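Student: Now for the letters of each chain:
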Amino acid sequence: MSEIGIGSLGSILPEIILIVGGLLILLLDMIQNSTTYQRESGRGFMAVAVLFLVVSLVGALLQMLSFGSPTSQGPHVAAYLVDIDPFTSFMKMTIYIGMTLVAIAGGSYMNRYSPRMGRGEFWSLFLFTSMAMGMVVSANNLILLFLSFEFLSISSYILAGYLRNNVRSSEAGLKYFLYGSVASSVMLYGMSLLYGVSGSLNLTEIAQAMAANTDFSIVALPAVLMLMVGLGFKMTLAPFFQWAPDTYDGAPTPVTAYLSTASKAAGFAVTARLLLIGLGAFSVEWVPVLSGLAILTMTVGNLMALRQNSVKRMLAYSSVAQAGYMLMGLVSVVSASQAELSQIDLASLGMNGLNGLLIYLFAYLFTNIGAFMVVMAIEEDSGSHDISAYRGLMQRSPGLALAMLIFLLSLTGIPLTGGFMGKFYVFGAAVQHQYFFLAAAGFINAGIAAGYYLRVVAAMLYEPAVDANGAEIAPKPLNMGMALQLTLAICVLVTLWIGIYPPNFIDLANDASRHLLALRF
Amino acid sequence: MPANLDELIAQLPTFQQFMFVQVALFTAVMALLVVLARNLFHNALALVGALFGVAGLYALLEAEFLAVSQVLIYVGGISTLITFAIMLTRGMMFGDTSPNNRQAGTAAIVIGTMFSVMAGFLLQVPWQEAYVELGDGQAIIANLGRLFVNEYLIPFEMMALLLLVVLAGAIMLARDHMIE
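Sequences listed follow chains A and B, in order.
Quick note: the first sequence uses numbering that gives the first Met the number 0, first residue 0, plus one each step.
Quick note: the second sequence uses numbering that gives the first Met the number 0, first residue 0, plus one each step.
Treat the hints with caution; some may be incorrect.
Label-pair restraints from in silico Cβ distances [what the hints assert, rightly or not]:
#1 B:114 with A:517: 32 to 42 Å
#2 B:95 with A:398: 53 to 63 Å
#3 B:95 with A:177: 21 to 31 Å
#4 A:111 with B:84: 27 to 37 Å
#5 A:177 with B:125: 34 to 44 Å
#6 B:99 with A:398: 33 to 43 Å
#7 A:19 with B:170: 17 to 27 Å
None of these hints come from the bench; they were simulated from the model.
If you're wondering where the values come from, they're calculated on a predicted model, not measured in any experiment.
Ideal Cβ positions, reconstructed from N, Cα and C, are used throughout, including at glycine.
With the hints as constraints, model all of the structure from the sequences given.
Tutor: Right, here's the structure in full:
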């Protein structure tokens, strides 16, 4: 066994940078608050946090682009347990972009509402959370995978309940914690089954051990079911989503924004890796489970979202429903008929399902963060999430209304938006692999979803602003901070950019998905 | 009939099996008490027992290091903390402080089903035997330290960081409201 040198840690530099940033903020906080209880604005911490996030994002980007060049090291394993390959780099890039956007746009909100003494801790926790997500998508070993998964969960519980003086926020944190601890323990049991039969924690070795002895295949189904409890909790899949509406609704809006995008993306990446590499040979077992979950998730999410009057809560349910569409991508990796599977080379397909999932996740990240940031802007202005607060937004702030319009169209899946590209690739893969029932369920659900998304659009564009009693009032202009405007502009531009088929970006997603599919056992 | 006696003896459970059943039963009963006892303090005491039982299982499996850590950390540290927290909280010590809720019956059915399904399933699997021969003068934990700074360096460091995060978060959430 060779020892780990400093050189091999270079591959996980983006994560190390985030750790250094988090520790630095903790130290700065200690120095500042040691003697006085003075009011600390938190802006300095926010600046440091954004700086470190951007540096590690650049690191992850460089890593991803380096795989194409001949001088690079290529896909490799760093420090025994961390996979560095196009797939992990793509996921890391997605996650760090999301965290950076949330930090820039939501920073002033968090600094205003979080407890006076806790501003430094918030930013340090925020960086550690980003680090945990970067780790969880690259772990190839069950120990590191579970540990970083728990790291992500625990720091998210704290962040969701961060506004201590707000009862809703505390409720959000507590519910998240209770559901999360049960889900993690069930998932751990599933992992112990895999370890028990294979005697290894490495995903590839597990796959080899399971293939070597057919007696072990009996473990596959129970293990998949138990793993999906923990992973489904993180991805907000249907039977395990009950925490999501309350947590998304109660948590501080910036925290909600990252929980529903970056954290969910991490969950999907782990699921893809676990199922494709660790249990790739047992797709017969997990494909029915996953397709059942996908249909249930989108239907339940959409039907519940229809009834909501609070836009934040509606977006929470819509986020559940979107997870169902994404899961379709993962199901469609495997062809419905086994005979066909052996004949075609999966990795060469234009729509292999996994690239649909990646494109979907990336487009959804910008769309949903943007939508939640609009919710945040309205909340700061009127203190309400109710749909009536959105009436007359077109007169009050045309920019905000148009941005929200684009986000909602993208969530619906209208062409020329990122959401359409994601749905196109995912549904396309489902049809190509002959999961017609899945594609049909998806189309019906997309139709239902249009109903509640367009309700907000109608309120924004066509209904006049009203006061608390329902009487019509003159539209009052709405002011936004510079950071929020910038983030919204970025989100709108990227949503539209993905919508017009950017070949470079699609290539990146293709590379990432092909790499993971090639590893498939 | 000495031959029959030998056969009879061969059929008897070994001492290890006998001990296992006792320790496992003790653990299971204690674990049930943690959930079912009506007084919070009794729950905490039963938790100590259950954690001790788990340590016993580790010892039976010849994982001495794990057993000692379990006693030191869980029985010695965490349970003591829980007990103190209960004793220092007003009105938690006496009476019906840990009532059952309405879902107890449903939970029992679900757990019973889960248990029988899992037990039936676990008996079907041909589990691998983990057995490593130890060299002369080698301790079972000799490799542990080396693994922590080599193969499992990153999880080890992550664990340290996780403890820091949990500490900071717990202080953050539980800090006195008066300071605000």
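Student: Now tell me if each hint is right for this structure.
Tutor: Now the hints, each set against the structure:
no. : hint                         : verdict
1   : B:114 with A:517: 32 to 42 Å : holds (41 Å)
2   : B:95 with A:398: 53 to 63 Å  : holds (59 Å)
3   : B:95 with A:177: 21 to 31 Å  : holds (22 Å)
4   : A:111 with B:84: 27 to 37 Å  : holds (33 Å)
5   : A:177 with B:125: 34 to 44 Å : holds (37 Å)
6   : B:99 with A:398: 33 to 43 Å  : violated (56 Å)
7   : A:19 with B:170: 17 to 27 Å  : holds (22 Å)
Consistency note: the structure conflicts with earlier hint 6 alone.
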